[in-house]
Amino acid sequence: QESQAAGLPEYIKIVEVGPRDGLQNEKVIVPTDIKIELINQLSKTGLPAIEVTSFVSSKWVPQMADHEEVMRGIEQHPGIRYPVLTPNLQGFHSAIAAGATEVSVFGAASESFSKMNINCSIEESIARFEEVTKSARNMNIPVRGYVSCALGCPYEGRIIPDKVAEVSKRLYSMGCYEISLGDTIGVGTPGSMKKMLEAVMKEIPVSALAVHCHDTYGQALANILTAIQMGVAVVDSSVAGLGGCPYAKGATGNVATEDVIYMLNGLGINTGVNLCAVMEAGNFICTALNKKTNSKVAQASFSTGTM
Amino acid sequence: ASGAYPQRVKVVEVGPRDGLQNEKNIVPTPVKISLINMLSETGLQVIEATSFVSPKWVPQMADHTEVMQGINKLPGISYPVLTPNLKGFQAAVAAGAKEVSIFGAASEQFTKKNINCSIEESLERFEEVMRAAREASIPVRGYVSCVLGCPYEGKISAAKVAEVSKKMHSMGCYEISLGDTIGVGTPGSMREMLAAVMKEVPVGALAVHCHDTYGQALANILVALQMGVSVVDASVAGLGGCPYAQGASGNVATEDLVYMLNGLGIHTGVDLQKLMDTGTFICNALNRKTNSKVSQASCRL
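Chains as they are written, first to last, in the UniProt record's numbering: chain E, 1 to 307; chain V, 1 to 301.
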């Protein structure tokens, strides 16, 4: 096997964040039925995990105001996980009541980002999440932990790898089964990715790590490649590269799932995902959003008529 | 698996030639000259200036002589030009060129469609150029197109790429630039191709010329660097679409490449800000948006 020869994982789990992280950062409010259709289409592509919505106050994130209807409205295919964001205990309970069977909590490696984003310190946010993980444990609900600003912060600039390791360890110790390390503003490079992962991997087994790379500076695939060369086997991505960067107007955000799959296919790494099916789902949502895809693979495939 | 990276990387700027050649709008000669002059101030050591090809085939490069004669040639910077045959070579030298490039391919069909002959015949044609270049002490760079895939043949065997590269290197090309012409390559196929080529040509004589049509360019370049390649071609602002996939992107953007190399602590000598300013200049002149994500992001952050 090609992948084995190069010391790469045999299988990589793709976590599709388009319906949540992607749509959350799109200007146009998407009707509930379109969201549900998107998720249903994604459920047929082979993706093992699809982040559905966010149980956050609609005051803060209007795009996710329909979280209950979306959660109740989607087809939940056996074997596919449908995590939802739950910023606090209240959100957690609403999520469970609406049928969620997995949740995510969002920490940050930057105090300033934490303050600006959720109006509290990292320590206070950890305390909040501990309430969620405690309840989740009692109900056998798995919790995924995100760490934002892992490679840089829009307010603080450079972030120390040890800080990322520290926050990751707190989330892991409180019971998060997986820690997704997010390059929130896409400033990371293979150099900073390597240093950050080296620090985090001292505290957390690599099998519990995921990378969530933004392509704002075009570095995402190179960063992901670096991560998988170090043993990371879970990668977050967004169909059609949905979701711009809220910190750099007009710039791109999430890496496109299609482009990630194309690279992994070329490396002989198994993902279980059908690239053409993802491109079709991407085409569907871009048409609905009246926007061009951010996926270069989709653009090229469309242009050469191979799609 | 990661391995060590080269300490220094030579960035070969192909925007004024490969970039502009694949842009729809014809760029006036003074703008081409300003572009090259601005690039000369960024720290780039090699700037491909133009192509001495018949204007019938490539109208964008019809002003090759004026461009070659009009640019400021800074000491320490090389300004190679494309020369498809002896006639082009002689015109290039007469216009002041001190380095030339020739273009081969790893695909028979591509060669037929592109220059209407077989790979073998194209290499014979180049022999004439090599001989004349040797006599004039002019270094020649060799390009091999379609190294990771061909728009007509599809998959290209790594052995074929190695064979053509070896021939061009033996003929006297000091450097072989391996081009993923349609950008279909991935880190997997890049590794396989380079492993084959490196059996025949020393890695110090190799360069990679990656297109970003499928978004794979930087990841492919990363793998090439890990394998010891230390020369990378790129195009300011990612100029130059893909002639085989209308509307799709082509060349990898120099800004995005330099950003990555900076982050890896690899020395390039290139000033990223000056490079971005140059990209802004040519995009304004072309009335188009940049293809560089670094440039897009930096304007607003």
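Be careful, since some hints might not be right.
Claimed, not checked - Now the stretches of chain V that chain E is said to cover, found in silico as 3 or more residues with beta-carbon under 8 Å:
| no. | stretch |
| --- | --- |
| 1 | 10-22 |
| 2 | 83-93 |
| 3 | 261-267 |
| 4 | 282-295 |
If you are wondering where the hints come from, they were derived from the structure by calculation, not from laboratory data. Please read these numbers as outputs of a predicted model, since none were measured by experiment. Beta carbons are placed, not taken as given, at the ideal position from N, Cα and C, and that holds for glycine.
Structure-based check of each hint:
no., hint, in the structure
1, 10-22, "violated (count 0)"
2, 83-93, "violated (count 0)"
3, 261-267, "holds (count 4)"
4, 282-295, "holds (count 3)"
Checked against the numbered hints given earlier, the structure breaks hints 1 and 2 and satisfies all the rest.
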